[in-house]
Amino acid sequence: MAKKLMKGCEAIAEAAIQAGCRYFFGYPITPQNDIPEYMSLRLPQVGGCFLQAESELAAINMVYGAGGAGARVMTSSSSPGISLKQEGISTIAAAEIPCVVVNMMRGGPGLGNIQASQGDYFQAVKGGGHGDYHAIVYAPASIQETVDMMQKAFDKADEYRTPVIILADGLIGQMMEPVELKEAKDLQLPEKPWAATGYTPGGKKPRSVLNSLYIETEDLDELVDRLFERYAVIEKNEKMVECYNTEGAEYILCAYGTVARICKAAIRILGEQGIKCGLVRPITLWPFPSEAVHEALAQESVKEALTVEVSAGQLVEDIRLAANGIKPVQFMGKAGSRIPSAEEIAERILEMKRG
Amino acid sequence: MREYYVLLGGFGSGKSELALNLAMERAARQACMLVDLDVINPYFRVTERQDMLDKAGVEIISPPYSMKKIEIMSLSPRVYAAFTPGEGTVIFDVGGDHVGAVALGQYKPNFSNIPADKLNILFVVNPRRPVAADFQSAWVLLEKIQGVSRLRITGIVNNGNMAEETEPEHLLEGYELVKALSDQTGIPVWGTCGQPEMLEAFETMAREKGLEEKYIGQLYPIEILMHRSWGKYLEEGL
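Line by line, the protein sequences give chains A and B.
For the record, in the first sequence the residue sitting at position 327 is 327 according to my numbering, with numbers rising by one throughout.
Converting from the second sequence to my numbering requires adding 1000 to each position, the first position being numbered 1.
Honestly, the hints are just simulated from the structure, not real lab data.
Quantities reported herein were computed from a predicted structural model and do not represent experimental measurements.
Wrong hints could be hidden among the right ones.
Claimed, not checked - Which chain B residues face chain A? A few, computed with CB under 8 Å, are given here:
| no. | residue |
| --- | --- |
| 1 | Thr1047 |
| 2 | Arg1129 |
| 3 | Trp1139 |
| 4 | Val1140 |
| 5 | Ala1163 |
| 6 | Gly1191 |
| 7 | Trp1230 |
Beta carbons: idealized from backbone N, C-alpha and C, even for Gly.
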């Protein structure tokens, strides 16, 4: 397909359709309304179904239903709306139903504001809903990367029967960039023998039951053990990270999403002043690429690391866990959607150098 | 007597960009008022360029709270000031698609009082935007916008571009689109806009290919004032 000039929200929606998503259930909230808007236009054209639910809770439970029937399904929202969906996400994880949830983060807590933010890191990575579960979390840094990630998100959701979260921010959603969409050719969706697609008495297919209620201790235990065996496989196989300019660097910046892009600009500024600075950008936030972070920081050349985020200190906890004390990890960040400039980040590194 | 420009079109077709450029150009020689009638975009709206507009002497009418960084679903009563007698130019920047154009409907009685030769209702198209990229969908959108805005479009604008990756070929694609739209609807092409170097290259191409003048209209050079691109964002913030 020829390159198009697309808003992040539109590009995500179109990429989902190319990945075989035919069902979208959602409820409006800024700054991601362009996703449902686009889906409402496009899904009927490809034989799919767009439905604006009466609430976020209704939307996520419709996702449960469609995903449970084996369809490729997606919902999207922004921070406060994602909070409302957490009960459903926990249930979906427990019932082992594949789906994709997009969060175009805005400022929080509470209703917060509508500017871009990264305040939902803990929510996405450490659970969000109740109980012992994980969701695969992708954190794209550009519209093109988001588009490329959508296919993977749906594939991994199906492969591991798990919810997948795309954790982006309002900036990605509202920005416009030229993007190239790959047209899906002969999309082969995987077999889903577990899906609840109807039961014929006397038929060959056993009755499919999708459930998250396990009254007996042993039964619940068995479910959680099964989930965590699968999580171990995901941790082994699915980590994604970008290491930029890290080899032999004196300082390492750690950031994800759009902030990582700003960090790259800071690295150029520092380079002009003869300071070698690198960036470790986790692309999957869960599973977290701890080894890559540790490896980058363990280099002899590295003096210190700096985590930059648009939140009051969330990613920095995982970076410090990964660093495990091998090098000091400083923190730079603020909630309330205060996005740092490349100059501010560079200045902070210079301050660290001055000691 | 004031001259009016109303900018309509699909989401992200470049209405705000053209609105700002028109405003800056007009303000250099006469009174100019810019009305932010966008009920769609939470950010990337002309009101964010208030400082620049103030300096240039453009009077801007913004929705209440528009700089408070919340969503605006209401319109300022000051919009009516745009219809009072006066001199110079008034430019309306309207939200995208028929959804955004709804905001105009209520001003139908006011627009009805403006003589036709003072009213420019422009439909901006960019063939590289996904929703209204081909003739059929752009035409449907044009008709829908005319319906909800209760205004007749008087000119079509070719704004073929790909932000920082723009090439003259995008204007060529835009030419084909505005030509088809113009032939179908009978609405003339108002102009072709782009950064000066793109327009220059397009002009050469137009000569070589023998493109028809009437589907090019005036060549209207623009400067990028209303960006949504990452490069500009890094330099200037939102």
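- Query: Under the criterion of a CB-CB separation shorter than 8 Å, is B:Arg1129 in contact with chain A as hinted?
  - Reply: holds, 6 Å
- With a cut-off of 8 Å, does the beta carbon of B:Gly1191 approach a beta carbon of chain A closely enough for the hint to hold? violated, 20 Å
- Interface hint outcome for B:Val1140 [beta carbon to chain A under 8 Å]: With a closest approach of 11 Å, the B:Val1140 hint is violated.
- May I ask you to test the interface hint for B:Trp1230 with respect to chain A, counting a Cβ-Cβ separation under 8 Å as satisfied? holds, 6 Å
- Message: Let's test the interface hint: is any C-beta of chain A closer than 8 Å to that of B:Trp1139?
- Response: violated, 16 Å
- Query: Against chain A, is B:Thr1047 within 8 Å by beta-carbon distance?
  - Reply: violated, 15 Å
- Message: Next item in the hint list is B:Ala1163. Is there a CB on chain A closer than 8 Å to its CB?
- Response: Nearest chain A Cβ about 6 Å off; hint holds.
Violation of the numbered hints given earlier is confined to hints 1, 3, 4 and 6; the remaining hints are satisfied by the structure.
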